[in-house]
Amino acid sequence: MADYTTPITATFELQRQALVQSQRAIETGFEFQKEMATAAVESLDVQEASQRQVVEFLQDNVHRTLDAMEELPGTAGMTEEVRTTVDDQYAQLLDAHAEAFDTIEDEFDDGTESYNEMMAEYLDTLDEQLETLLDAHEEVESHSVEATEQVEELQDQVEDVQAQIQDVSEQAADAIEA
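Everything in the sequence shown is counted per UniProt numbering, starting at 1 for the first residue and increasing by one.
Hints may contain errors.
Said to hold, decoys possible - Think about it this way: if two alpha-carbon atoms lie no more than 20 Å apart in a straight line, the pair counts; the simulated EDC-like pairs of lysine to aspartate or glutamate are:
#, residue 1, residue 2
1, K34, E152
2, K34, D124
3, K34, D87
4, K34, E138
5, K34, E113
Unchecked claim - The following label-pair restraints were derived from C-beta to C-beta distances:
#, residue 1, residue 2, range
6, E27, H143, 29 to 39 Å
7, R16, Y122, 20 to 30 Å
8, V168, S144, 28 to 38 Å
9, L154, A178, 45 to 55 Å
10, P7, Q162, 24 to 34 Å
11, D124, L154, 37 to 47 Å
12, L19, L58, 55 to 65 Å
Derived by calculation from the structure, the hints in this document are not laboratory data.
Heads up, the beta-carbon is just placed ideally off N, CA and C, and yes, glycines get one too.
Work out the full structure, taking the sequences as your base and the hints as a guide.
Below you can see the structure in the form of structure tokens.
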């Protein structure tokens, strides 16, 4: 008697492994997205600092220009007024810049937190569904193996009946000859 259940069992096991590996791939993908979001938030600090440095550099350049203009006769009073106006405008720009980045970072953090919570719930649901699927899959495997074993038993019984018929046929042929 051949054992037909081994390939069936192996096939079901491969299917279960594929399901589990697919789930792990999904989890890895979400983890990668989470890390990318964290990296994006961290890069905001670098962008803000870089942009602030550029604005401060430009302000310093304006100050140097005003310093050079003060050396010209009759411009001392005029440059001080311009310097005050420039400093006020740059202060407002830097404040708006800081507020904008704070808002962006807060919104991004909130969005990332919401996304992470949603993904955690999704992965929990996926775990539950996969467990249910694997349980059902094992049940189908059990029924398939059982059915295959019954077919094997039936095949053995058919072979036995065929052998008995062959024996009876041979005995009948021997009886007719005798």
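How the hints compare with the structure:
{"no.": "1", "hint": "K34 / E152", "result": "violated (52 Å)"}
{"no.": "2", "hint": "K34 / D124", "result": "holds (16 Å)"}
{"no.": "3", "hint": "K34 / D87", "result": "violated (41 Å)"}
{"no.": "4", "hint": "K34 / E138", "result": "violated (34 Å)"}
{"no.": "5", "hint": "K34 / E113", "result": "holds (10 Å)"}
{"no.": "6", "hint": "E27 / H143: 29 to 39 Å", "result": "holds (30 Å)"}
{"no.": "7", "hint": "R16 / Y122: 20 to 30 Å", "result": "holds (21 Å)"}
{"no.": "8", "hint": "V168 / S144: 28 to 38 Å", "result": "holds (36 Å)"}
{"no.": "9", "hint": "L154 / A178: 45 to 55 Å", "result": "violated (36 Å)"}
{"no.": "10", "hint": "P7 / Q162: 24 to 34 Å", "result": "holds (25 Å)"}
{"no.": "11", "hint": "D124 / L154: 37 to 47 Å", "result": "holds (45 Å)"}
{"no.": "12", "hint": "L19 / L58: 55 to 65 Å", "result": "holds (58 Å)"}
Checked against the numbered hints above, the structure violates hints 1, 3, 4 and 9; every other hint is satisfied.
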